[in-house]
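Please work from the sequences and hints to get the whole structure.
There are 4 protein chains.
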Amino acid sequence: MNYDFSIKNLGECKIESPLSDIGYFTEDKKRLLFNIYLDDYSSQKDKNGQPLSLEIAGPRSKIFFSPAKTKAAIVTCGGLCPGINDVVRSITMTLFHRYGVKNIYGVRYGFRGLNPACGHELLHLTPDFVDDITSIGGSILSSSRGPQDINAMLDYMANLKVNILFCIGGDGTMKAAAQLANIAEQKKLELSIIGIPKTIDNDLDLIQKSFGFDTAIEKAAESIKSAHVEAKGYFNGIGLIKIMGRLSGHIAAYAALAQNDTNFVLIPEVPFDMEGEKGFLKILEKRMRARGHAVIMVAEGAGQDLLRKGNAPVEKDSSGNIRLLDIGLYMKSSIENYFRSIDMEINLKYIEPSYLIRSVPANASDSIYCSSLGQYAVHAAMTGKTGLLVALMKEDYVHLPLHTVASGRTINPHGNVWLRVLETTGQPANMKNV
Amino acid sequence: MNYDFSIKNLGECKIESPLSDIGYFTEDKKRLLFNIYLDDYSSQKDKNGQPLSLEIAGPRSKIFFSPAKTKAAIVTCGGLCPGINDVVRSITMTLFHRYGVKNIYGVRYGFRGLNPACGHELLHLTPDFVDDITSIGGSILSSSRGPQDINAMLDYMANLKVNILFCIGGDGTMKAAAQLANIAEQKKLELSIIGIPKTIDNDLDLIQKSFGFDTAIEKAAESIKSAHVEAKGYFNGIGLIKIMGRLSGHIAAYAALAQNDTNFVLIPEVPFDMEGEKGFLKILEKRMRARGHAVIMVAEGAGQDLLRKGNAPVEKDSSGNIRLLDIGLYMKSSIENYFRSIDMEINLKYIEPSYLIRSVPANASDSIYCSSLGQYAVHAAMTGKTGLLVALMKEDYVHLPLHTVASGRTINPHGNVWLRVLETTGQPANMKNV
Amino acid sequence: MNYDFSIKNLGECKIESPLSDIGYFTEDKKRLLFNIYLDDYSSQKDKNGQPLSLEIAGPRSKIFFSPAKTKAAIVTCGGLCPGINDVVRSITMTLFHRYGVKNIYGVRYGFRGLNPACGHELLHLTPDFVDDITSIGGSILSSSRGPQDINAMLDYMANLKVNILFCIGGDGTMKAAAQLANIAEQKKLELSIIGIPKTIDNDLDLIQKSFGFDTAIEKAAESIKSAHVEAKGYFNGIGLIKIMGRLSGHIAAYAALAQNDTNFVLIPEVPFDMEGEKGFLKILEKRMRARGHAVIMVAEGAGQDLLRKGNAPVEKDSSGNIRLLDIGLYMKSSIENYFRSIDMEINLKYIEPSYLIRSVPANASDSIYCSSLGQYAVHAAMTGKTGLLVALMKEDYVHLPLHTVASGRTINPHGNVWLRVLETTGQPANMKNV
Amino acid sequence: MNYDFSIKNLGECKIESPLSDIGYFTEDKKRLLFNIYLDDYSSQKDKNGQPLSLEIAGPRSKIFFSPAKTKAAIVTCGGLCPGINDVVRSITMTLFHRYGVKNIYGVRYGFRGLNPACGHELLHLTPDFVDDITSIGGSILSSSRGPQDINAMLDYMANLKVNILFCIGGDGTMKAAAQLANIAEQKKLELSIIGIPKTIDNDLDLIQKSFGFDTAIEKAAESIKSAHVEAKGYFNGIGLIKIMGRLSGHIAAYAALAQNDTNFVLIPEVPFDMEGEKGFLKILEKRMRARGHAVIMVAEGAGQDLLRKGNAPVEKDSSGNIRLLDIGLYMKSSIENYFRSIDMEINLKYIEPSYLIRSVPANASDSIYCSSLGQYAVHAAMTGKTGLLVALMKEDYVHLPLHTVASGRTINPHGNVWLRVLETTGQPANMKNV
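First to last, the sequence lines map onto chains L, A, U and R. To convert, note that position 287 of the first sequence is 287 in the numbering used here; the numbers rise steadily by one, no gaps. Position in the second sequence counted from 1, then plus 434, gives you the numbering used here. Position in the third sequence counted from 1, then plus 868, gives you the numbering used here. Position in the fourth sequence counted from 1, then plus 1302, gives you the numbering used here.
Incorrect hints may appear among the rest.
[Said to hold, decoys possible] A short list of chain U residues far from chain R (calculated; beta carbon distances all over 10 Å):
| # | residue |
| --- | --- |
| 1 | Glu880 |
| 2 | Ile1051 |
| 3 | Gln1076 |
[Stated by the list, open to error] Label-pair restraints from in silico Cβ distances:
| # | chain 1 | residue 1 | chain 2 | residue 2 | range |
| --- | --- | --- | --- | --- | --- |
| 4 | L | Glu185 | R | Val1736 | 49 to 55 Å |
| 5 | L | Ser61 | R | Val1736 | 22 to 28 Å |
| 6 | A | Arg757 | L | Ile183 | 41 to 47 Å |
| 7 | U | Val1182 | A | Tyr437 | 39 to 45 Å |
| 8 | R | Glu1423 | L | Asp205 | 30 to 36 Å |
| 9 | R | Gly1728 | L | Leu307 | 33 to 39 Å |
| 10 | U | Phe997 | L | Ala68 | 54 to 60 Å |
| 11 | R | Val1736 | U | Lys1154 | 54 to 60 Å |
| 12 | R | Arg1642 | U | Phe893 | 54 to 60 Å |
| 13 | U | Asn1205 | A | Glu446 | 51 to 57 Å |
[As the list claims (entries may be wrong)] Here are the simulated PhoX-like pairs of lysine-lysine, each with C-alpha atoms no more than 20 Å apart in a straight line:
| # | chain 1 | residue 1 | chain 2 | residue 2 |
| --- | --- | --- | --- | --- |
| 14 | R | Lys1511 | L | Lys209 |
| 15 | R | Lys1477 | L | Lys394 |
| 16 | L | Lys175 | L | Lys161 |
Read the hints as simulated data drawn from the structure, not as lab findings. Beta carbons are placed, not taken as given, at the ideal position from N, Cα and C, and that holds for glycine.
Quick look at the structure:
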């Protein structure tokens, strides 16, 4: 990881902030320690020899952009998740009402909408337009996956005289945003690029919790209740749930913590065998003999090694994401075959909530979180900062350079969250034969 | 259909009802007209030459069974649906508190639990045991599918001195219950068999509405919201939902009426072509070109003819139900292939709520409905009536002979409900090329 | 009650219905029996000597109004309830898409909006305008209470060339609509007045169930759960809920049936004493000594005689409704005083959900119900029928003359619903000392 | 505030932790910095001259109590809030399954249940008993307010040989727990006292967020939706909500942030005038003239100075809490009188959700939070630590001495949360005339 947390500015801030009536400002020199334990707070130093630290987000007393002349645009990329519209609303409202920026564009269909070759028109965002959008899920601007030509997008924005671009998206989007910021700098464009990171999988490094995650867990937990009811509804009933989580098991793990009826959680971070004495099927059999029912939650990215055994090539989609093989259906048939082979009746019900957990509106806590992110993003943008994203870390909102964030945060199999999952489910820590 | 609506009694009712403090009783001679329109009420006559009519349910002033000596059992069969526990609670509470019957057995795992060969123990049901069961979905007694030996079950109940059996189940369960009643009569057993019909598909003849259906629609409607959000979230987005409904499209149709965002509803009752000028794919293409997004809801039993084209033999499961081919995945790949073939980008999201719509607790109106059904079932049983089920017809609770009810009620393609679906979705009435 | 169920028409229907592509029509001569029991179906006769019957609602093959020239208006009056926007949407969509009527006005603030003296502008209703309104509670048109000058309203509509007025409202609104229809007839205006009856209290005569009632019960039931939790949360805890229900206890009774934790339901229809051996306080004391907690639900119109003891004059509001005295606070202080007087500690928590139960969006079943009502209202209007309301009776939609419906349906203390409440709560049938 | 964050131990930990199979342990020397900003992390020092820091919670490799001989008790005190049962379940499960402690008592009715003079029996808590308790709100153990005799409680526990007492409660409970720990130490009792802080008002010092707060906000936000619907439902409609928040406005502020339709938030921390040019009534009038509707949310502790104007003495209840005067009804009549005085029609609807926001089960995020708190409390107790509470600070779970926590955290009128409320509502920062 690159630990250079310094933030770039387009230039000196000379304009008095219109927020002066409140009299609440944050100074650039207010910084959050990166390491906050007694034994390690000074273990990493920045180039000034100070303990490593991060810039605190918040409104500044001086701003860079003149509100009357500023044009801002908002783009939403990648998969949907609860709260995107809350962020869009918050950015629009804060720009409009607090800073007096009246020219706000909504970019349609992700980065496609910034590439004139795709032919999508921009929306004009106003307080009236965004007022009620938080009551619906998804993105009012629509989204898309995959990259677009960086220069085409920069030229388009330059023509439109857009000064600020807010990018709401995941790992790939933040990378593209970093590129936009870098090349804009090379081209000496007066363009601030601000990221608001989004991932339903909650797997972004450094960031305390992705927005929308709480809401998704609430929905995912409903499917556990459902699977439990089905499992207990029949003789030797098994409820099997496949849930989102491509590279990490955050959703599966937290859903299991939220709803106590899960007996097995299978995630990408913790490999397991199906066969053998310690393998999953044997352990499931023991559970069935002892209790007569079981609920299994499997993240979509779990057990990919089991499916790929020495064959299938790894495919990728247009965004460069690996095409996963279907662990859910694999588990379903493996379990059914196994119990058929030992002549033991079971009744397995398969549940795949898929998009149902992510396409709902944000719940209250996510809604609050999203409106904060939007406000801090605007504060950062108006001061001419660029190439950063706003993030919650240790309950403080900070500015992180775009390059520092990548999807890669996983559940630590020796950490506290997984320990609690093991406690809650009662499943063995090890389901590998060796 | 057999129009003999006469109800059998085990014998004369000589015991004063313990409900006399309320002073509210219904008489056997109170009967609901079967035909209630001015032009047809006397179009069908019973054997007495009277307009065809049905016995009204309710407490009678005299009862047959002596509460102190009565033993009752409750069995739940077939698929789960919201409200089963409400019925179980209501039967138990009414027997115990209103009639003073203290011996109430809960039969585990459907008819299996009445066949001693299966080795399941009976539960003893008390007010304390059932008090809070309505807050959870499914069946507290568990269920099973498929038949058991009729004589084995009758012998088992005779040994236990069970006088009343309440059967909560679907079409097949009501048929088995009818057999139990017939053979019990032949064997001169003093056993009252009372059915409470259940089907998530709402497809039972004569019955106004299945319990649990309202709740299932509420959940099914949520998946439409979700599909709509996904469809609008991407360029040329399509949300495709596969929903329960094996032989009838009640769930799909009513969910579409409850949530306005559906554009196509495909049900078993209304055949359609995929290919051709009038076929579904062409019409979907037009919709996509005009509006840029679409939501499609397909009942699992729809379009089976398309999948079976001159080949696959029809398989059946242990309950005798036809194994359906997967119309959802067929639609998914057909749509994707079609748009690929015309080189038009779409983004299709597939949602299959499956058990999520049926394993929730009953909502308020279903809860009220279920507690009524339970109470009327007990009133009928205590008077020694047998071979009947309690049903809501035209807002009145009636006694129907078990043999009169079968699953077969479908959506009439020329009727009012389907008309309203067409109005709501805007889809063409005819998607067949000929 | 006036049993003349004949429906007035503005004139002969000569225009082919635009719905002919569906081929589903209802004929005027299709009539529902008013009495549907074997022993009374011919107990009441109409002027032709036929059993009393009602016209069935539905689309007719010939219509009266020429769609291109027709102007319709929709007005919403009285208290809010779930589903009003569903009715408004359904009327608008059916007029626009099915019949081709493009001029549809939304009247703001109830009948005020039809009185030009109030100065409110009309809204122009379009499919786009109404598309998403079902996701919010209340009335998109806003409402008001109280009457307006009938002639002023008729003149205003005549000037605007409005041919159809849809009135969504309660008892008083239906009376005003009847007046509008009568005077319009005297003035020979070509104006169809169609009512869609609405009352959160579910107390309209003849009508099977008010729209929005299911949803309100669902919310009211939540408050019982809450009161139960509070009652069990403390030593000798009592949860006291005051709930809507001015003249009838439908909400209180059905909420208690939906959520089993209520121990006492007090409604306007069943008088009770507070003091004395059989009085409520003594019975509550017994319950508290036996079980240590209690949940009491009191309808706002209950026990008004207790509060008025030989004094307070009965006041009325601008709509002519009686101003109720606050039975909730009276109960609260009476209970607290009583237990203080016998030196017994209790912990009483008072809950008044008030508008929380009526300002939510319609649930699925109400939403379906409301869209039906809207469609049938439009079918009736387009055929030039007037002075009627559309209503669900015995699961059939019928046309009822406006004058036949009044709020007056109460819970029968000797009927089936109250019996079931007594069974559910276990409260004594009689809490009067004499 | 006392900044001595050192934690007391009953003695040396000599027993191997039974959690060794997981291999995940936290060491006492792992400490979280109290100040985590670059400019202040060393501004406060502990007695060793180190930057002020706090002990991190978590399982230790060695424990103090021998599981087989340990008896634990759990008590829940003060007002109910969502998640109490989740904490009780988690403590019980972790003690039983992870540490093997089988003797776990549930204390009924708060500290009353530890005073034998009150005569309440203890419950025996088992995994089966607590398995499903998280699906219901409140406290399965019941609660009570007010103090009990410290020595009587200690003697009672000594007689029962209780080694660990878990106290779930608020400010007052933590103070009583501190007393129990102090006197137990003086008496040389081997008794570990562990607090789990609880307050629906979210006003405890140092603690990041109270458990149950998220859930309460979710419910409180529903009442804003409701008030908004009512306000827009009538001519010049006003929705007025009184919400919990005795000494702080956290609930009101966060609910307003979660649901955007609030126009005024009034909290104890920000005084306001009713009368005068800058007073609330004048500002409300302007809003009504401009927009025609308004939603006002007032915390129960707001504006107490307005109600007490130079008269009413301050009363206190048995727990020593100030009896608040009713700001809700005061606002209601003040607003109605004001608009009557200027002859302007308004329609005010008053909503008081009261206990409805706190008696629901925990939502997913609170449920996860509560189960963590319970687990950390058990880890702390088993190592013989005492006189501490477990708390979330800066996303880390820490041990805080009981004496350091008091209710006193308020909304800073010049801080970030209030700024965001002002942004969201658009209300003036100052509604005082001077």
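Hints and how they fare:
1. Glu880: 40 Å, holds
2. Ile1051: Consistent with the label, Ile1051/U stays out of reach of chain R, its closest Cβ about 25 Å off (over 10 Å).
3. Gln1076: 26 Å, holds
4. Glu185/L to Val1736/R: 49 to 55 Å: Distance hint for Glu185/L, Val1736/R holds at roughly 51 Å.
5. Ser61/L to Val1736/R: 22 to 28 Å: Since the Cβ atoms of Ser61/L and Val1736/R sit about 27 Å apart, the hinted range of 22 to 28 Å holds.
6. Arg757/A to Ile183/L: 41 to 47 Å: About 58 Å separates the Cβ atoms of Arg757/A and Ile183/L, which means 41 to 47 Å is violated.
7. Val1182/U to Tyr437/A: 39 to 45 Å: Given a distance of about 55 Å, which is not inside 39 to 45 Å, the answer is violated.
8. Glu1423/R to Asp205/L: 30 to 36 Å: Violated: the Cβ-Cβ distance is about 52 Å, outside 30 to 36 Å.
9. Gly1728/R to Leu307/L: 33 to 39 Å: For Gly1728/R and Leu307/L the Cβ distance comes to about 55 Å; the hint is violated.
10. Phe997/U to Ala68/L: 54 to 60 Å: Violated: the Cβ-Cβ distance is about 34 Å, outside 54 to 60 Å.
11. Val1736/R to Lys1154/U: 54 to 60 Å: Given a distance of about 58 Å, which is inside 54 to 60 Å, the answer is holds.
12. Arg1642/R to Phe893/U: 54 to 60 Å: Cβ of Arg1642/R to Cβ of Phe893/U: about 55 Å, so the range 54 to 60 Å holds.
13. Asn1205/U to Glu446/A: 51 to 57 Å: Holds, since Asn1205/U and Glu446/A (Cβ atoms, about 55 Å apart) stay within the stated range.
14. Lys1511/R to Lys209/L: Holds, at about 15 Å.
15. Lys1477/R to Lys394/L: Answer violated: Lys1477/R to Lys394/L is near 28 Å, above 20 Å.
16. Lys175/L to Lys161/L: Between Lys175/L and Lys161/L the Cα gap is close to 23 Å, so the pair fails against 20 Å, i.e. violated.
Violated hints for the displayed structure, listed by number in ascending order: 6, 7, 8, 9, 10, 15, 16.
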